[in-house]
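Chain order of the listed sequences is S and Z.
Per UniProt numbering, the very first residue in the first sequence carries number 1; after that it's consecutive.
Per UniProt numbering, the very first residue in the second sequence carries number 1; after that it's consecutive.
Please keep in mind that the hints were generated in silico from the structure rather than gathered at the bench.
Check each hint, because a few of them may be wrong.
The list makes no distinction among identical chains, and a pair is therefore deemed to hold if it is satisfied within one copy or across any two copies.
[Unchecked claim] Listed next, the in silico DSS-like pairs over lysine-lysine satisfying Cα-Cα at most 30 Å (straight line):
1) K263 x K473
2) K437 x K238
3) K330 x K81
4) K330 x K26
5) K232 x K161
6) K106 x K120
7) K187 x K138
8) K437 x K187
9) K26 x K471
10) K437 x K176
11) K447 x K437
Number of protein chains: 2
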Amino acid sequence: MELNDDKESCSVREKKKRLKKVSVDKLSREELEARVLQLEAQNVQLQNILTKKFQEESSVLKEIGKQKKRDKPFDFSKYSKRHVLLKLAYLGWDYQGYAIQDNTSKTIENNLFEALLMTKLIESRETSNYHRCGRTDKGVSAFDQVISITLRSRLNLGDQKNENGDDETLSSANMKKEIDYVDILNKVLPSEIQILAWCPVDEGFSARFDCTKRKYKYFFPKGNYNIELMNKAGQYLKGPHDYRNLCKMDVGNGVVNFKREIKNINITLINLDERDSEENHCIKSPEELELIEKKSSSYSMCVATIEGKAFLWHQVRCIMAILFLVGEGKEDPDIILQLLDVENYPRKPQYALASELPLNLYETSYEDSIEWRWNYRALLYVVTQMQTFWAQHNIKATMVRHILHDLESCLYKLEDGDGEEVCGQSLGLLGEPHSKKGYRQLMTRPKCSDLETRVDHYVKRRRLDPNILDKEKEAACENHKTDSLDPNIPDQDKDKETQYEDINKDSIPS
Amino acid sequence: MELNDDKESCSVREKKKRLKKVSVDKLSREELEARVLQLEAQNVQLQNILTKKFQEESSVLKEIGKQKKRDKPFDFSKYSKRHVLLKLAYLGWDYQGYAIQDNTSKTIENNLFEALLMTKLIESRETSNYHRCGRTDKGVSAFDQVISITLRSRLNLGDQKNENGDDETLSSANMKKEIDYVDILNKVLPSEIQILAWCPVDEGFSARFDCTKRKYKYFFPKGNYNIELMNKAGQYLKGPHDYRNLCKMDVGNGVVNFKREIKNINITLINLDERDSEENHCIKSPEELELIEKKSSSYSMCVATIEGKAFLWHQVRCIMAILFLVGEGKEDPDIILQLLDVENYPRKPQYALASELPLNLYETSYEDSIEWRWNYRALLYVVTQMQTFWAQHNIKATMVRHILHDLESCLYKLEDGDGEEVCGQSLGLLGEPHSKKGYRQLMTRPKCSDLETRVDHYVKRRRLDPNILDKEKEAACENHKTDSLDPNIPDQDKDKETQYEDINKDSIPS
């Protein structure tokens, strides 16, 4: 096979290939031997190319393939177990979401369970007493996802209890004897998914129900956004509200209560000075903010931080979409007040979600008695992986930034254009795409169905209790709780139909 | 041969292959014939699988498929042509290199020609009088690649000439009438490959042979590198030298002259202050440099700029590999002097190339009479595309930077480790991976074959003229030129064998 011969067109090469197939009985012995060697070499070459391609597609499957060959049946009954929390971080950009799905193996959970099974830390998913803190969608990342699960233990039950006992020497020794869960799992997990720490918990502890706080971060380029206006609008979101107009209503799965509480929300520029990156995590004075603002450009990065106990499906991305419209000056900050006023505005106007790429489940909290166990060597390994990812993306970003600098200079010099438009315009990629017809005010747009209509739809299909709304109201009165039915959306298994619903329509098919 | 049977381990498959490779001279005539037929069949099977995969990969091909159904045959004879230069930029990270290859459709050139054919700007590649300025490898990007090519024109020959005529009104009108090459191509090209500008040239103009200067940039994180030492070593590279120990010798393709000239080389930190990003392109005083150094961290970005008329295969990546070793303190800057001293060190020590990701063919130059034609609207489109890429990568980098900040704080707090080690260690991902055996000095390592041995190897296989080295010396004396035989490496077609050579060995199989 001729390679790299760019003088030949594809059709000529095809002809050559056909010509080569001379009948074998016409070849001499010598020619036959040479032909065999040549074909074997070509074959190996092609195999190598194909093997490379398959390897690119499968990350953990390789490991499983090797492992299955060596496995004798594993006798779990010989080992004790313990209930633990695992803290994990994952870069979800190239995954189809956190939750296992039928039609793809490229989910966080799938890789996690492959790793747990391969390392014999669990016998099966069904018997592992597994709960997860949050469920992130396709493309979304997390730095503080937590799961509760029962794992194989090297210690007997007595030693497990002694870890927190009075005898410090004994408990320290016991802790070191335990399986190094973090290290073992990280070696078989893909590098985008890493365990950070673990800690022992009581049998009944649930990563899902015992979570006291969830904090999301959303990283975006400043572009032309007015951060001050975005913060003004953001503050209206604080407190207990009905957020049905700022989420995707998951009625099909029994979610009919949209009251949640946003405890904190803040948007800030990220300080450019690397050395002071700790300051990025502190509250800044107005003077400091002004100074940062002056030094910033369209290419500066911002971060929005939103904190609450529990969130609705797509709530953060809906919020960011509206805040971007406010930041662009297309809507007033007061639009938030309208969207939260479900009495007068029970139907959500149609608008697109903000991109999933910048979203990260950044911090989750549990009761104070939870003591995470960190291991230096294991953590160093995670840091190394993350540094590699950072370098790859920052190298690319830096390279592109350079050409943008040159191209933007060209644009300014070209006489027949308005250079001012350029900066930041397409950096608004995170919100709605620009429409040639011009911007349409939110409250003038077609509206999605209201809650009652959606409930009717599912009641008719016998998938919901006809009295669900009344029961919800009763429960709310009795408990004075706002989230008694489903404290941890979007944890519930998604209805297949709603999962593939057209987000932009966000309406019940008629 | 079983394909895609991931239940078999790799070692079992290997054994199967070895069993099959019985020595050909031990086979009977019958067995040989059978073997040829069997291998041919397997070959076809593999080819088909690969072809399917290419079709999945190829973006533009789908369009062509649709297009072909609708097309009436296009009558090129109705149109005049003109010889032009096209300036293009591409992000090569996800491509298999610039040059068209048999085993993949994911090359820059393939996409370029699909676009040129689809838009009927050329009739076929063979008749398009095509030359390219530089040929970049897999993963490498370019912001100033130039090609010369003959395209369909809307103007008659007379109007083409008038564009640069005395009558300004007429020439301006003519220029506007011409096909908007940039716009038309960019709409069908993938967004990572974009035309920036075009300009008319005389029939004989060659993007390859008429290029007067090529400048590469290499973007990398500062990590623990000593930039001052790297620059000291870099300066030794300037001037005319024999760079055989700092490249991949392409002897199989007739490259036996390794004398080139590096006109400029400089490594600098990239200024953190976005507003002053223009300054990144200016020379800085020692005081400015010191100030920048103080504000920098392991996560600051640096750029190496290397300029010459022509470069050898992998020359820049070899240079960066050595400079990284110098920057890490593993080699003295003087190592460069040794590597350039081909009299005393005619054989290259084995070392790995630096990563291809950060490399960019940043600027190419032609004679002054070349006037690039820029179009505001088209350029705005390119800027928009690039801003999207920048945003995607910077969002990811920013997100990862944040978790690194948190994780590194954890590491510092853990008592049983040395937090100081962490910063920058794995940011040296671009050079050699750390070996557990420890670092081995370059000049103590196994060496690759020297030039004469390689020439012998190919002469024996009758692929090179036995007198090639002598002829080279004569030519060099007569012309006083250093690059008379092949001015524009790595443009030449790569030898099949060297393409699949193990880069790390970089030696002729014995």
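Right, here's what the structure says about each hint:
1. For the homomeric pair K263 and K473, the shortest alpha-carbon distance inside one copy (23 Å) is at most 30 Å, but the shortest distance between copies (78 Å) is not.
2. When the C-alpha separation of K437 and K238 is checked against a cutoff of 30 Å, the pair qualifies neither within a copy, at 34 Å, nor between copies, at 57 Å.
3. For the identical chains of this complex, K330 and K81 are neighbours neither inside a copy (57 Å) nor across copies (48 Å), given an alpha-carbon limit of 30 Å.
4. In this homomeric assembly, K330 and K26 never come within 30 Å of each other (Cα to Cα): the closest approach is 52 Å inside a single copy and 61 Å across copies.
5. Taking CA atoms no more than 30 Å apart as the test, K232 paired with K161 passes in neither setting, with 50 Å inside one copy and 61 Å between copies.
6. In this assembly of identical chains, K106 and K120 lie within 30 Å of each other by CA distance solely inside one copy; the values are 21 Å within and 40 Å between copies.
7. In the homo-oligomer, the alpha carbons of K187 and K138 lie at most 30 Å apart both inside one protomer (24 Å) and across protomers (29 Å), since each shortest distance falls under that limit.
8. Taking identical chains as interchangeable, the C-alpha atoms of K437 and K187 lie at most 30 Å apart only when they sit on different chains, with a minimum of 21 Å there against 52 Å within one chain.
9. Proximity of K26 and K471 under a CA criterion of 30 Å is satisfied in neither setting, with 43 Å inside one chain copy and 42 Å between copies.
10. In this assembly of identical chains, the alpha carbons of K437 and K176 lie at most 30 Å apart only when taken from different copies (28 Å versus 65 Å within one copy).
11. Taking CA atoms no more than 30 Å apart as the test, K447 paired with K437 passes inside one copy only; the shortest distance there is 19 Å, against 66 Å between copies.
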